[in-house]
Amino acid sequence: MSAGLLRIIPPAMVVRRPHRMIERHIVAYRRQWLIVVSGFFEPLFYLLSMRAGLGDLVGTVSVGGREVPYDAFVAPALMASSAMNGAIFDSTGNVLHRLKYSRIYDAALATPMSPADVATGEIGWALIRGQLYAISFLVVMAALGLTNSWWSLMALPACALIGLTFAALGFLGTTFMRGWSDMDMVTTLTMPLFLFSATFFPISAYGSWAWVVQLSPLYHGVALVRAANEGVWTASMLGHVAVLTAVALVALTLAARRLDALLRK
Amino acid sequence: MTAPLLDAHRLVKRFGDFTAVNGIDVQVQPGEAFGFLGPNGAGKSSTMRMIACVSAPSEGSLHMFGLDAATHGAAIRARIGVVPQLDTLDTELSVQENLWLYGRFFDLSRAESKRRTKELLEFAQLSERADSIVDNLSGGMKRRLSIARSLINEPELLLLDEPTTGLDPQARHVLWDRLYRLKQQGVTLVLTTHYMDEAEQLCDRLVVMDQGRIVAEGSPRSLIEQYATREVLELRFAAGTNDQQTAALAGIGERQEVLPDRVLVYANDGEAALVQAHDRGARPESALVRRASLEDVFLLLTGRSLVD
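Keeping their order, the protein sequence lines are chains A and B. As numbered in my numbering, residues 100 to 364 make up the first sequence, in order. As numbered in my numbering, residues 1038 to 1345 make up the second sequence, in order.
Next up, chain A with everything else stripped away, as it sits in the complex (with noise of 0.2 Å):
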């Protein structure tokens, strides 16, 4: 990075080493790979369930004019939300015990770190783990027959991107935790997102409250995912990419502001 840029961007927002704190949990996570593995499962339980139940009495659902199989409908929005679950639960709990029990941001300051430097790389790790599980989820969707062409690999990015934004809101919202009993809030905050953002009905059946929904940013990450799999675009699609980007560059951003008052007073 040149020095005149140097002097604009704040020290503490230095993105250099962001590789090193993502080094440090691919050995931590050496000794707890069962954790990581069982993050896998539940979004596959909900897959099979909704498949062997709900698929049959549903029947069709119209998606961009054409009537797929409820299980078809209903599985990229299962993988976008499993996309959001991992990094909310990478970027909030184990965060939070980072930063306020055993401090290791507080050491990882004391070095040339910067607190980009922390932030950019619990968000990058709440990414490639997310992307493992969206690998995984992806293979199991076309076991199952429930991908339509190779468009379907879009998922991916898609899940890419909506693991950035999710993991960078969690991150944020770690920042002001006053404790565990604060962690409550964050499946109160979830919860409704997983259940509201088109995940399990399309858009058209919020009739006049479609716009609560455009507000949620996973109903974005689902919209992609669902075009993925069934490889049909719209422009509408650049607008979804877009505003995930935006809020994943605005959370980043003040997560690390965050980190740096928290931790640099």
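Because the hints were derived from the structure by calculation, they are not lab data. There could be a bad hint or two in this list.
As the list claims (entries may be wrong) - Okay, the calculated bits of chain A under chain B, using three or more residues with CB under 8 Å as the criterion:
no. : segment
1   : 116-123
2   : 198-210
Claimed, not checked - Under 10 Å between C-beta atoms, here's a sample of chain B residues computed to sit facing chain A:
no. : residue
3   : Arg1086
4   : Thr1108
5   : Ala1111
6   : Leu1123
7   : Asp1127
8   : Arg1147
9   : Glu1149
10  : Ser1169
11  : Ile1170
12  : Val1171
Unchecked claim - Computed spacing ranges between beta-carbons, pair by pair:
no. : chain 1 : residue 1 : chain 2 : residue 2 : range
13  : A       : Ser148    : B       : Gln1122   : 47 to 53 Å
14  : B       : Arg1250   : A       : Phe275    : 42 to 48 Å
15  : A       : Trp279    : B       : Thr1283   : 51 to 57 Å
Glycine residues also receive a C-beta, built at the ideal position from the N, C-alpha and C atoms.
Using the hints provided, position chain B relative to the given structure of chain A.
The following block gives chain B in isolation, referenced to the frame of chain A:
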């Protein structure tokens, strides 16, 4: 005189309306062992955080290794080691992982970081616990691991915030020995403590801080000579009667201090002072004559009222 390694001028740290550090001037030379003494809340830790470049001064200037701390934080942090007051060890990692992964934060190659890890495990007497999880270590071991970790970047300056608080006497002596070795290797030490024996053991020079200001500066010996008498007579009276003794003791020695548990009489000849006190009718339950220590200086300079 060589250029100071640490040069702070009119350093101020404010948190809202509260001024934690109120305009201090400090210079530390390379190779020195320098101490900040003071009661809790004197501003020692805030000063240390500024020196560690993890907290920006509210006012004043701070230069380390000739670099401005305001603009070269990362470059300065690359050359110092920090042992925080509370351990910030990574409880999800083993002892050796704590070391070599920390080295990676300083951009050491993996091979180099692991090589230094091996050496530091020896130095900290933790080789046998290399694969232990940190949570299972004793307090003294954790402290030694913290120190070992702070040395992974081969720092020119080591900052220690109350390094031996909470340790048993054996663990403290082991730690002092390790710090003394580092000093002999030419590492500059800057530490805070409220243990006077620690300051006398380790520090070439120290400052006493109180309410954000420096109230005295010098070597442990020179401070004792300047602020205390040669000897101190400690008198213990029946509980709750200390205040009633002042009349009887008035004028004996150079001055007296009434502490909650005892009365101190500062005198160059402690035995003579004790005889005088007896002649005046004072009947202590016990009496002790000792040499003046840094603690006496500390009590004189920072007051005896309990600081929370």
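To see whether the hints hold, each was checked on the structure:
no.	hint	result
1	116-123	holds (count 4)
2	198-210	holds (count 9)
3	Arg1086	holds, 8 Å
4	Thr1108	holds, 8 Å
5	Ala1111	holds, 4 Å
6	Leu1123	holds, 7 Å
7	Asp1127	holds, 5 Å
8	Arg1147	holds, 9 Å
9	Glu1149	violated, 14 Å
10	Ser1169	violated, 13 Å
11	Ile1170	holds, 9 Å
12	Val1171	holds, 9 Å
13	A/Ser148 <-> B/Gln1122: 47 to 53 Å	holds, 51 Å
14	B/Arg1250 <-> A/Phe275: 42 to 48 Å	violated, 35 Å
15	A/Trp279 <-> B/Thr1283: 51 to 57 Å	holds, 53 Å
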